[in-house]
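Visitor: Residue-level listing of the chains:
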Amino acid sequence: MKKNIKKNQTGFLFVLPSLLGVLFFLVIPFADVVRRSFLGALSGAWAGLANYRTVFSNTAFRLAAGNTLRFEAVCIPLLLALSLFTALILNSLKSHIQFYKSCFLIPMAIPVASAVLLWKVLFHERGLLSGLLHLFHLPGEDWMRTPWAFWILIASYLWKNLGYDVVLWLAGLSGISPSLYEAARVDGAGRRQCFWYITLPSLLPSLFTISVLSILNSFKVFREAYLAAGDYPHESMYLLQHLFNNWYRDLSMDKMAAGAVIHAGVIFLMVLTLKRAWDGED
Amino acid sequence: MKGKKIISWILAAALSFGALTGCTSSGGGTDGEKKDTSTAKGRYLEADVELPENTSVYDMVKLEDGTLRIALSDQDGRESVWNLKEDGTSWEKVYDMPEEWMMTDTFFVSHVTLSPKGDAFVVTSQVFEGEEESQEHYYHLDGEGKATEVPLQTENYVYFTDYTREGEFLVQCQHTPVSSVNMETGEMTDKVSGTEDIRYFGVAANTLYAVDRDGQILLFDLLQPDVVEKDDGLSDSIAQSGANTDLQSLQTRPLIFTEGKEENEVFYCSNKGLYRHIRNGDVSELLIDGSLTSLGSPDVGLITMETAENNEFYVLAVDSQSVRLLHYTYSKDTAAVPGTELRAWSLRENSELLQNISQYQKENPDVYVTLDIGSTEENGVTASDALKNLSTEIMAGNGPDLLVLDGLPMDSYLEKGMLEDLTDVADQGEHLFTNLLENMKQDGKIYGIPLRFALPLVEGKKQDLEKIQDLKSLADLAEELKGQDSEKTLYNPYYDGFALAAQLYDACSPAWIQEDGKIAEEKLTEFYTQVGRIFDPESDPIPNSNAFGDYAATFTSSIGGGTLELYCDKLLLNFGNIWSGTDLAMLTTTVKEKEEIGYQPLTGQAAHVFLPKTVMGISTKSKEKEESKKFLQFLLTKDAQTAAQGGGLPVNQEALEFLVDNIYDGSTFGSSRSDDPDSYVEMTIHKPDADAVGQFIDYVKEADTPALTNEIIREAVLEQADDCVQGKITPEEAVKAVTEKVSLYLAE
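Chains as they are written, first to last, in our numbering: chain A, 648 to 929; chain B, 2 to 749.
Worth flagging that the hints you see were computed from the coordinates, not collected in a lab.
Treat the hints with caution; some may be incorrect.
Each computed DSS-like pair below joins lysine-lysine, with the alpha-carbon atoms no more than 27 Å apart [what the hints assert, rightly or not]:
1. B/K593 x B/K489
2. B/K489 x B/K571
3. B/K473 x B/K389
4. A/K767 x B/K737
5. B/K442 x B/K631
6. A/K807 x A/K767
7. B/K595 x B/K702
8. A/K767 x B/K524
9. B/K571 x A/K867
10. B/K86 x B/K262
11. B/K94 x B/K147
12. B/K389 x A/K767
Quick look at which bits of chain A chain B covers, simulated, 3 or more residues with Cβ under 8 Å [said to hold, decoys possible]:
13. 704–718
14. 810–822
Going by beta-carbon spacing under 7 Å, a handful of chain A positions derived as facing chain B [stated by the list, open to error]:
15. D679
16. V681
17. Y895
Backbone N, C-alpha and C fix where the C-beta goes; we use that ideal spot for every residue, glycine too.
Can you make the complete structure from the sequences, with help from the hints?
Guide: Here it is in structure tokens:
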């Protein structure tokens with residue numbers, strides 16, 4: 648028992664620097680954000696729930712929150728399904744798996760600025776897409792200034808993150824014992840049955856991790872959106888980060904703090920829901 | 002096991018300590034440095050040596066006996082040479098230069114260079130009617146002022162001249178190396194080869210300091226002319242100081258040099274200050290901080306400098322109004338760094354404010370004012386990022402005391418209680434256009450005081466001007482005039498749709514925001530519709546490659562260019578903002594010389610509009626509120642307001658009258674299209690008379706509606722203008738695009 652405590656103490660000491668880092672650079676700053684969400688921006692006077700009321704009644708916040716939720720609702724299931732499908736195909740390949748894996752990971756290695764340049768080349772009014780449509784006598788458009796901007800954002804996210812999720816799914820797939828499939832086949836199971844009754848249940852533990860990571864990665868898509876369309880993009884791709892960015896510029900720290908607390912709360916709830924679902928499956 | 006535990010403790014402690022100290026070390030160091038310098042004593046103070054009245058100085062030199070000598074031209078255009086008396090404040094004339102050198106319309110003295118031995122070299126220029134090039138003559142003056150023509154063997158114009166301490170005369174002509182001149186024969190001997198491409202030079206002791214096109218300093222030993230050296234320490238020091246080494250005119254040099262008493266000791270001066278350097282030393286020592294004196298003022302150009310007894314310095318410089326002789330004396334009792342520091346912040350460069358800071362610091366040696374610029378061409382920071390940096394500074398408690406609110410979210414700052422009530426400052430100002438300040442008030446208080454303004458005007462035939470009541474009637478008139486005169490364009494042909502909308506923007510923008518803070522879509526649709534009607538498809542704008550970034554925010558919409566074209570009978574109508582006394586002189590000259598032409602305030606979708614510029618605010622978080630208010634009061638005085646660098650007209654009426662009164666009567670302005678040299682037009686302007694100034698001041702006093710200064714709205718509106726006037730999108734589509742972008746901004 649004593650030995651176990653000592654062992655735990657040693658382990659704790661090794662993670663202590665990281666814990667201190669998280670404490671000083673995340674927990675304490677976030678606690679300060681929570682505190683500020685109840686105060687005036689510069690005066691520091693107690694504002695109660697006024698900042699929250701202001702944020703909830705703010706049409707820009709409602710639009711940004713709606714867009715962000717819509718983005719999550721569309722792209723996370725899409726990404727999970729597409730990446731799983733791709734991982735299954737790759738897993739069934741006999742050779743060149745490493746090569747294909749690398750191919751799918753290449754988008755992750757492309758710097759954001761280069762990706763943005765690619766966006767502009769493709770979706771500018773005189774870009775490749777408009778040029779292609781012109782061949783069929785269809786009018787070109789500045790696609791980033793149309794409702795298509797939202798779908799360009801989705802496509803960009805999928806393109807960039809597909810490889811990462813594929814690798815995670817492949818890791819999960821490699822953990823499934825081949826003997827399970829052999830035994831199932833001996834019992835007469837087909838490919839579909841193997842997938843439904845062996846692969847999918849075995850991948851459920853990975854699903855939680857991949858989902859959380861995908862949700863967190865989805866917030867990074869703001870970098871591309873911001874670099875491509877600036878502070879005020881088309882309203883379909885106006886995300887919460889745009890709003891926070893602009894509030895920060897205008898010194899609206901009170902609204903920003905309240906908005907950040909609400910945002911963090913929603914993410915926390917989403918992760919908890921996923922965790923509960925996963926625990927329930929366990 | 003025990004060893005493992007010890008290692009883990011040590012690692013944990015080291016990493017934690019590293020993480021925590023990493024955040025604070027630099028801040029602590031800075032504070033420490035500040036503390037040290039704040040207690041140190043001793044600083045050079047600046048004083049102006051009064052020059053003979055109504056004169057303009059060409060050159061200054063220290064004679065071998067230590068007397069300071071200047072060569073000047075008086076108000077009648079007569080050149081003479083003067084010595085500074087021993088009292089250090091008054092002058093005695095040594096001799097007059099020949100009377101036949103007096104300035105006329107076709108003859109003038111272009112260079113006078115004084116020698117430490119007492120003689121001088123003079124270049125005169127004669128302009129012949131109908132000829133583009135002038136003819137130069139060269140003279141040598143002995144110590145008594147007796148002139149002898151020097152048959153200088155050059156066909157090129159003289160650019161730079163200087164004497165060595167030994168009295169050897171050096172000259173650099175256009176595209177030629179620095180040469181030594183034999184005054185009797187006029188023979189030019191290449192003194193230092195390899196100086197053909199240098200930009201300018203200075204001489205200290207027996208060394209020629211040549212500044213090349215990259216700002217590098219090349220040293221030429223005048224006793225061994227073919228030896229070229231580089232002083233990396235000197236070049237690096239100049240580069241690191243951030244000194245501007247670009248040549249602005251042939252009268253001034255960005256860097257000037259003079260020798261010290263010690264061997265290899267050289268003093269040099271730039272807009273960053275006066276430095277001491279030991280040849281081939283690694284660093285230069287800053288003796289006089291440019292930012293604390295006139296040297297750092299953007300309108301000051303350097304002519305020459307000399308050392309004097311007791312480690313004093315004289316710098317001959319020219320500012321926007323006159324030549325000045327600056328005298329620097331060391332005061333051991335003055336704090337090395339002023340006790341009070343005021344920090345001002347501006348989104349963009351502001352030359353007038355920099356000039357005012359120099360003036361204020363000179364009058365208040367105990368105050369140090371710094372101006373931080375958020376977005377410059379050099380740092381490449383966007384306006385949005387600059388504002389975020391400012392927010393970070395404010396939230397960290399390091400915010401500025403004073404804010405130039407141009408381009409800043411003033412409403413948001415007001416809502417947060419960020420801006421101090423400045424009503425008392427505005428009330429104490431004298432001779433101000435109170436109407437301009439009154440109309441900046443919110444809830445009876447003024448939080449931002451405009452130091453400058455621009456006024457939208459329209460210029461054209463008097464009978465046409467009578468028809469202009471609003472934007473629609475202007476558009477009606479434009480349609481009526483189109484094609485009436487094939488020799489003239491309707492308006493400035495350089496305008497594309499963007500520029501056309503920008504010229505009309507300020508006279509219309511106050512009508513676009515409803516009482517509920519939302520965009521008045523009908524009014525904006527009307528704006529695009531009428532601008533589309535005014536747009537002349539026959540106009541021939543120069544392709545614009547700058548229409549990105551902050552271009553919309555920094556486009557000045559000046560009326561000046563169009564005035565020149567209208568004066569030369571190339572336009573029917575001209576409109577835009579008047580920014581300077583020169584713009585006004587161009588307008589009044591046109592009106593005076595062409596009876597049928599007149600001008601009036603431009604009524605677009607709003608009447609009596611003015612555009613506030615350099616709107617100053619004081620932060621409520623400032624620890625130096627009283628000193629900031631004093632500085633702001635100074636900024637409203639006539640002395641400060643006469644700074645004129647193109648940033649707008651002064652809000653001080655006396656300063657405006659002074660600026661107009663000091664316009665050089667007979668200045669010529671010309672311009673041509675970069676892609677068509679034959680399009681050259683020019684006009685000679687005259688000082689406006691009292692009636693003309695009075696009429697303009699009346700127009701200013703009528704202004705009571707500030708134009709929209711929000712840059713996000715300006716950018717959004719102007720962004721759509723070109724496509725709209727060219728028919729690529731309808732006014733309704735343009736408005737939809739604007740409101741989509743702006744409504745997000747307004748909703749935030």
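Visitor: Indicate, hint by hint, whether the structure satisfies it.
Guide: Now the hints, each set against the structure:
1. A C-alpha spacing of about 21 Å is found between B/K593 and B/K489, which places the hinted pair at or below 27 Å, so the restraint holds.
2. Restraint check for B/K489 and B/K571: satisfied, since their Cα atoms lie roughly 5 Å apart, inside the 27 Å limit.
3. Restraint check: the Cα-Cα separation between B/K473 and B/K389 comes to about 40 Å, which exceeds 27 Å; the hinted pair is violated.
4. For a cut-off of 27 Å, the pair hint linking A/K767 to B/K737 stands: about 23 Å separates their Cα positions.
5. In summary, the hint linking B/K442 to B/K631 is supported, as the alpha carbons are separated by about 20 Å, within the 27 Å threshold.
6. Taken as a hint, the A/K807 and A/K767 pair is honoured in the structure, with Cα atoms around 16 Å apart against an allowance of 27 Å.
7. Between B/K595 and B/K702 the CA atoms are separated by roughly 26 Å; this keeps the pair inside 27 Å, and the hint holds.
8. Pair hint A/K767 plus B/K524 does not hold up; C-alpha atoms about 33 Å apart against a cutoff of 27 Å.
9. With a C-alpha separation of about 56 Å, the suggested pairing of B/K571 with A/K867 is violated against the 27 Å cut-off.
10. This hinted pair checks out: B/K86 and B/K262 have alpha carbons roughly 23 Å apart, not beyond 27 Å.
11. With a CA separation close to 15 Å, the supplied pair B/K94 and B/K147 stays within the 27 Å bound.
12. Restraint check for B/K389 and A/K767: satisfied, since their Cα atoms lie roughly 25 Å apart, inside the 27 Å limit.
13. Three residues within the 8 Å Cβ limit are the bar, and the region 704–718 of chain A against chain B gives 4, so the coverage statement holds.
14. For the region 810–822 of chain A, the stated coverage by chain B is not satisfied: 0 residues place a CB nearer than 8 Å to a CB of that chain, which falls below the threshold of 3.
15. Hint on A/D679 is violated. Least Cβ distance to chain B is approximately 11 Å, over the 7 Å limit.
16. Given the 7 Å rule on beta carbons, the hint for A/V681 is violated: about 16 Å separates it from the nearest Cβ of chain B.
17. At about 6 Å, the closest approach between the beta carbon of A/Y895 and any beta carbon in chain B falls short of 7 Å, and the interface hint on this residue holds.
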